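Asks: Chain order of the listed sequences is G and B.
Residue numbers for the first sequence follow this note's numbering, so the first one is 370 and each next one is one higher.
Residue numbers for the second sequence follow this note's numbering, so the first one is 2 and each next one is one higher.
What the hints contain is simulated information worked out from the structure, not anything from laboratory work.
Treat the hints with caution; some may be incorrect.
[Said to hold, decoys possible] Distance ranges between label pairs, derived from CB positions: (1) Ser576/G <-> Lys345/B: 35 to 41 Å; (2) Gly105/B <-> Ser511/G: 41 to 47 Å; (3) Asp249/B <-> Asp391/G: 36 to 42 Å; (4) Asp139/B <-> Pro548/G: 44 to 50 Å; (5) Asp164/B <-> Ala448/G: 48 to 54 Å; (6) Thr52/B <-> Ala448/G: 27 to 33 Å.
[As the list claims (entries may be wrong)] Sample of chain G residues lacking proximity to chain B, with all beta carbon distances greater than 10 Å (derived): (7) Arg380; (8) Gly393; (9) Ile413; (10) Thr422; (11) His440; (12) Tyr442; (13) Pro449; (14) Glu506; (15) Gly512; (16) Met513; (17) Asp524; (18) Arg533; (19) Thr577; (20) Ser578; (21) Ala580.
Owing to the predicted nature of the structure, the values given are computational and were not obtained by experimental measurement.
C-beta: ideal position from N, C-alpha, C; glycine also.
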Amino acid sequence: MDTIAVLGTGRVGTAVARIALDAGYAVHVAASGAASEIELLAEIMTPGARAMTAADAAREADIVVLAVPLHKYRNVDPAPLAGKIVIDALNYWAPVDGVIDEFEGRGLSTSEIVAEHFTHSRMVKTLNHIGYHEMEEDRLPSGMPGRRALAVASDDSEAAEQVRGMLDRFGFDALHSGPLVTGRAFEAGTPIFNGSFTAEELRKELSTSVAALAR
Amino acid sequence: MQLGAYSFGDTQRNPDGTLRSTAEAIRNLFDAIVHADTVGLDYFAIGEHHTVDMPASSPASLVNAAAAATRRIVLSSGVSVISTDDPVRVFQQFATADAVSGGGRIEITAGRGSSVESYPLFGYDLRDYEQLFEEKIDLLLTINRGSPVTWSGTMRPSLDGLDVVPRPVSGSLPIWIGTGGSAPSSVRAGRLGVPVSYGIIGGAPHRFAPLAELYRRTAAQHGHTGEDIKVSVAALGLVAPTKQEALDRFYPGWVNLNMEMGKLRGWPAPDDRAYLAQAHAPGAYYVGDPDDIAERIVHLHGHLGHMRHFLQMDIGGLPQEHLIESLTLLATEVKPRVERLLSKK
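So here's chain G without its partners, still in its complex pose (with noise of 0.2 Å):
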């Protein structure tokens, strides 16, 4: 578990990769073209990660990040992602992006949705509920009081663990939500969404938020 895949070049997948970095794992940057041409790219915004074609940095990587624009991920090509845990960090937020028909009137979560694109991979929704610069800004180590926690929605248990571990090394709490369903509570516009929280805050939001969603 130490090779991360970041796909996505933008202020969201820059910071991923570099809180990465800081992490210690080895990173993969792509964007959608070759290698060559996000190579000055990944060299000054985050050093020591290697920029690499998508299904390259996919190939090698035990936890692949997507991080493109919400209405690009059917771009990605959902073969080099079979079997590998992929972090769904997208949102769908019609007053600030617009309508996307795709994600309008189903009632499921962006995750539930992309998951439909991948379906081999193990997909987990995170790090969609705090801000790029926060993401940085915002770490702490284990167990230092007020320290942020993320919220992990996955199906697949084991996957949502291997995350909850990753969050940890990054800088933050993280808690299984349960299944992807329950991502649906951290959606845009949700008080998680808006918030920040510690661990015990963002519990007590959950059973709320979770309970909420089955009525």
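Dock chain B against the given chain G, drawing on the hints supplied.
Replies: Below, chain B alone, put in the same frame as chain G:
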């Protein structure tokens, strides 16, 4: 270092919080630009925005009006949402202002915009977000290189040897790319060899240093050198005689703006601590007295090497007299301090 301001228009509020007229907001903005020229500010940009509280939907119209009413100040859009506009028309409008002004002080800053209101308004599809920007910036730069223009793409009908007039007095207009600071946007600006304007609206501004380096090195890699490779910074801020007055004057508008955005985006009520953190170094809001603002601009210059720093002052119903005083202080008090501090370096 050039100093200036930018605005999306700022609709005033009645004592009960309701919004006054959008026409008044445009008139206020026009008056502020003329005042900025009178007191000697270097730059004023009008950002295309399509909401009732920020109604400066037509930067080209205001730039043309101001071109006729000012003498020295550089006028620009900040930004023109080029993705949902016609680059031919945008170029013609700004080239017209260039002719009216006598030449040499009209610029275009092209961007994707911070919000998506222009898509339904002009009938564009958000799925084409990247492609629209990529093609239209290419067309705009092609038109700027000379006329007649030959160009083809997929988002707009082709041009086959057609004239686009008037031509700018000095042959071409400075065209900038405005970006919120993602790495791929910096790469694009460097690859195209155009100046880049960073909109910094939160977090410590010196975090943009790697982006500016990425921009400059990408430009060099693609053989772009010389005076077109430069960086400017747009940020929120307000200058007042004292730090406390600046904090007190900017705060109500900041709350209003965050309430408006919060209603739209489902955000919680704005947080005073966040305001104070952002309004003091190394935060992103340049809210302070002339010494404070000058020191922070010069500090950022040490990280970014930018040549222009301009502030959005009028948000959430800032009283017009506070805007006017802030523009005056920026020109007459902050600017000499910045020059003095930079000359010591």
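Asks: Each hint should be assessed against the structure and marked as holding or not.
Replies: To see whether the hints hold, each was checked on the structure:
{"no.": "1", "hint": "Ser576/G <-> Lys345/B: 35 to 41 Å", "result": "violated, 59 Å"}
{"no.": "2", "hint": "Gly105/B <-> Ser511/G: 41 to 47 Å", "result": "violated, 59 Å"}
{"no.": "3", "hint": "Asp249/B <-> Asp391/G: 36 to 42 Å", "result": "holds, 39 Å"}
{"no.": "4", "hint": "Asp139/B <-> Pro548/G: 44 to 50 Å", "result": "holds, 46 Å"}
{"no.": "5", "hint": "Asp164/B <-> Ala448/G: 48 to 54 Å", "result": "holds, 50 Å"}
{"no.": "6", "hint": "Thr52/B <-> Ala448/G: 27 to 33 Å", "result": "violated, 44 Å"}
{"no.": "7", "hint": "Arg380", "result": "violated, 5 Å"}
{"no.": "8", "hint": "Gly393", "result": "holds, 21 Å"}
{"no.": "9", "hint": "Ile413", "result": "violated, 5 Å"}
{"no.": "10", "hint": "Thr422", "result": "holds, 16 Å"}
{"no.": "11", "hint": "His440", "result": "violated, 6 Å"}
{"no.": "12", "hint": "Tyr442", "result": "holds, 13 Å"}
{"no.": "13", "hint": "Pro449", "result": "holds, 22 Å"}
{"no.": "14", "hint": "Glu506", "result": "violated, 8 Å"}
{"no.": "15", "hint": "Gly512", "result": "holds, 25 Å"}
{"no.": "16", "hint": "Met513", "result": "holds, 20 Å"}
{"no.": "17", "hint": "Asp524", "result": "holds, 27 Å"}
{"no.": "18", "hint": "Arg533", "result": "holds, 26 Å"}
{"no.": "19", "hint": "Thr577", "result": "holds, 16 Å"}
{"no.": "20", "hint": "Ser578", "result": "holds, 14 Å"}
{"no.": "21", "hint": "Ala580", "result": "holds, 20 Å"}
Hint violations for this structure: numbers 1, 2, 6, 7, 9, 11 and 14, all remaining hints satisfied.
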